[in-house]
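If you're matching them up, the sequences are chains A and B in order.
If you use the numbering used here, the first sequence corresponds to residues 1 to 384, in order.
If you use the numbering used here, the second sequence corresponds to residues 1 to 294, in order.
These aren't lab readings, by the way, just hints derived from the structure by calculation.
Some clues are possibly wrong.
Pair by pair, the computed Cβ-Cβ distance ranges are [said to hold, decoys possible]:
no., chain 1, residue 1, chain 2, residue 2, range
1, B, LEU149, A, VAL107, 38 to 48 Å
2, B, ILE64, A, VAL297, 34 to 44 Å
3, A, LEU319, B, LEU180, 46 to 56 Å
4, B, ALA5, A, VAL118, 41 to 51 Å
5, B, ALA132, A, LEU294, 30 to 40 Å
6, B, ALA177, A, PRO7, 49 to 59 Å
7, A, ARG337, B, LEU80, 22 to 32 Å
8, A, ARG119, B, LEU176, 50 to 60 Å
Remember, predicted model here, so these are calculated numbers, not experimental data.
Glycine is no exception: its CB is placed at the ideal position from the N, C-alpha and C atoms.
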Amino acid sequence: MPSFQLPVARVFWLGLLGAVLVLFPFFHTWPLLDGYVTQFRTFNATMFAVWLLVVLSMNLLTGYSGQISLGHAAVVLVGAFTTAIFSQRFNVPLPLAIALAGLFTGVVGGVVIGIPAVRLSGPYLAIATFALVLSLPQILKIGGINNYTHGALGIGIHDLQPPGFADRFLDKSEWLYYTTMATAVFMTAVFWNITHSRIGRAFVALRDSEIGAEQMGVNVPFYKALAFALSSFYAGIAGGLFFMVQAFVGPESLGFFDSILFLVAIVIGGLASVLGSVLGALFLTFQVEAITRLGDVFSQAKNLRGVIYGGALVIVMLLFPRGFAGAVQAFQSNGPRGVWRSILARLSSLVELAKSYAAPRGPAPASPDEARRQPPGPGGSSAS
Amino acid sequence: MQEFAQQTLSGIASGSLFAIVALAIVLIYRSTSVLNFAQGEMAMFTTFIAWSFMTRMDFWPAFILAILVAAAMGAALERLVLRPVENAPPLNSVIVTLGLFTIFNGLALWIWGAQPKGFGPFSVFKGDAICAADVCIGRLNVGILVVSLIVMTVLYFLFQRTTLGLAMRATAQNRLASQLVGIPVGNMLTLGWALSAGVGAIAGVMVAQSVSLTTSSLFAILLYAFAAAVLGGLNSPPGAIIGGIIIGVSKNYAATYVPSGVGNVDLTLAFVMIVIVLMIRPTGLLGRPPARRV
Chain A
1 MPSFQLPVAR VFWLGLLGAV LVLFPFFHTW PLLDGYVTQF RTFNATMFAV WLLVVLSMNL
61 LTGYSGQISL GHAAVVLVGA FTTAIFSQRF NVPLPLAIAL AGLFTGVVGG VVIGIPAVRL
121 SGPYLAIATF ALVLSLPQIL KIGGINNYTH GALGIGIHDL QPPGFADRFL DKSEWLYYTT
181 MATAVFMTAV FWNITHSRIG RAFVALRDSE IGAEQMGVNV PFYKALAFAL SSFYAGIAGG
241 LFFMVQAFVG PESLGFFDSI LFLVAIVIGG LASVLGSVLG ALFLTFQVEA ITRLGDVFSQ
301 AKNLRGVIYG GALVIVMLLF PRGFAGAVQA FQSNGPRGVW RSILARLSSL VELAKSYAAP
361 RGPAPASPDE ARRQPPGPGG SSAS
Chain B
1 MQEFAQQTLS GIASGSLFAI VALAIVLIYR STSVLNFAQG EMAMFTTFIA WSFMTRMDFW
61 PAFILAILVA AAMGAALERL VLRPVENAPP LNSVIVTLGL FTIFNGLALW IWGAQPKGFG
121 PFSVFKGDAI CAADVCIGRL NVGILVVSLI VMTVLYFLFQ RTTLGLAMRA TAQNRLASQL
181 VGIPVGNMLT LGWALSAGVG AIAGVMVAQS VSLTTSSLFA ILLYAFAAAV LGGLNSPPGA
241 IIGGIIIGVS KNYAATYVPS GVGNVDLTLA FVMIVIVLMI RPTGLLGRPP ARRV
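Model the full structure from these sequences, guided by the hints.
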């Protein structure tokens, strides 16, 4: 029997992370951290948990499975509305309503989007999901449907209180933090396991080459639909938590710009990486504050928000296709020099590309075969 | 009946706007197989450039200058930004064009502000509506249709009747094979972007005369233009125009004949159209399925 070795370092770091997460809402009461961590940070951390689920969901679809969705905000919005309708109109308990919302979006995403998507390749899917996210606010206001969604008014939450047993030591925001963060941590662990299982490898195979995956015996239509279903399930749960934390949802709560932000988050965080999703969720949590802070120094920052995000998207895509998570991995394996080396390697390959195009008679720079041999997803084969 | 005819004609008129933007989308997809989500914002940006030219000179020189600036911009973008992702999977290029989308939107907001700018209609397109038996269509809309048809015809001859067009089509279909027969593939892709940015500028200037010029004036049209391009077939220029007109007409019918209790359905209609086309005939009405190399 192989002897079991306790991975001491990993247990230590995970334990530390767990302790920080458990104690986080009380940091602001400690004299040492006073001034650095305010009570508002509890809300930040709660939203971080929600965004983490959104980013994981989007990363599953785009990073791991290579399907482009511009309509992710719409799926989250549907999850939020489903939760709102179940809990506020039909008086279903909130946790059950959130679970139902996840199931609902999961089934809808798998069947209504996933099965047609089996036949659609990249650009068509992007157009269809783009149309979905633009038209959803209108659909939610259409007569008949608006009996349930309350049209433009949206749905608010009534009297959310921590349940009796927790009432004594937790206030509302702390209760929200613990429930949301616990859900996010649990679902992240599940996500890690899915992506490191047979299913996750099938997704990556699908992304890298559909034909190749088929040859290896991957049931392409099934796994494509499964990717949509799983991703929509995560998005639906995230939507339910979003409704719970914000205590309100309206047709314009999330829109096309949010979809773009989600895309920015997974790209600069790192495609096909759990670590990248965490970094992306940090970005989503603090982007508004960061732009505001930048506005104090540089007054035009607020107007240039689109330029900054778009620029980040383009630069990261061109120079660091594996995002920040890629830089962290390079740092882990080779230290700061590893980071530099990977950036320099990318730069010089870009220069090579430019040179080879400049000389039309030169050797064929990037034949389709070569392109296929490159790691096709920007995340490459580094499914971590 | 008279109302029906009028709605049809106004639908064709608004469809002309969708058609010309769809034409620019189709053109770039056809020549580089990149779906450019920034098309609308690039057109909006160059229309603002045209607007600044027009404060200094007449309509026609400013119009032509704006088209040239747009073409140069398109070529530069292809060289600098799109080239590194052209051989990567479509995900990467879509992400880059979405980045360009927010960059152009933010830049325009920063430079020209959120206030709408007065823009035309210019003397050629001014005047009374053209009427026949109580059914009228604006002169500007006729102008837009005529311009779209001219652009389409020029493109048709370029793509089908010249060696250059042949080389561009070959590049879009099979880059490696085109390179082997001596086509300067890089230049063809640059040219494709320059052309479609130029057509985008034409589209922007025409559209902005009909709706006022703001940073969001083309975004409002982009969805319908995409619907038109998908309906007509993403690689078919005539399809883009036919698709645009069908979308415009059905949007007008929906606005007139859908009972008022239901509310607005125009965006929903575009979404439903896209989904139906993609489920029944993903290549669109006139598009041809792409040959797939195994």
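So, going through the hints one by one against the coordinates:
Restraint check, B/LEU149 to A/VAL107: a C-beta distance of roughly 47 Å satisfies the suggested window 38 to 48 Å. A hinted range of 34 to 44 Å holds for the C-beta pair B/ILE64 and A/VAL297, which are about 42 Å apart. One distance hint, 46 to 56 Å for the beta-carbon pair A/LEU319 and B/LEU180, is violated here, with the actual separation near 31 Å. Taken as a hint, the range 41 to 51 Å holds for the pair B/ALA5 and A/VAL118, whose Cβ atoms sit roughly 42 Å apart.
About 58 Å separates the C-beta atoms of B/ALA132 and A/LEU294, a value inconsistent with the hinted range of 30 to 40 Å. For B/ALA177 paired with A/PRO7, a C-beta distance near 52 Å keeps the hint of 49 to 59 Å intact. The given range of 22 to 32 Å is respected by A/ARG337 and B/LEU80, whose C-beta atoms sit roughly 29 Å from each other. In this structure the supplied range 50 to 60 Å is violated for A/ARG119 paired with B/LEU176, their Cβ-Cβ distance being about 27 Å.
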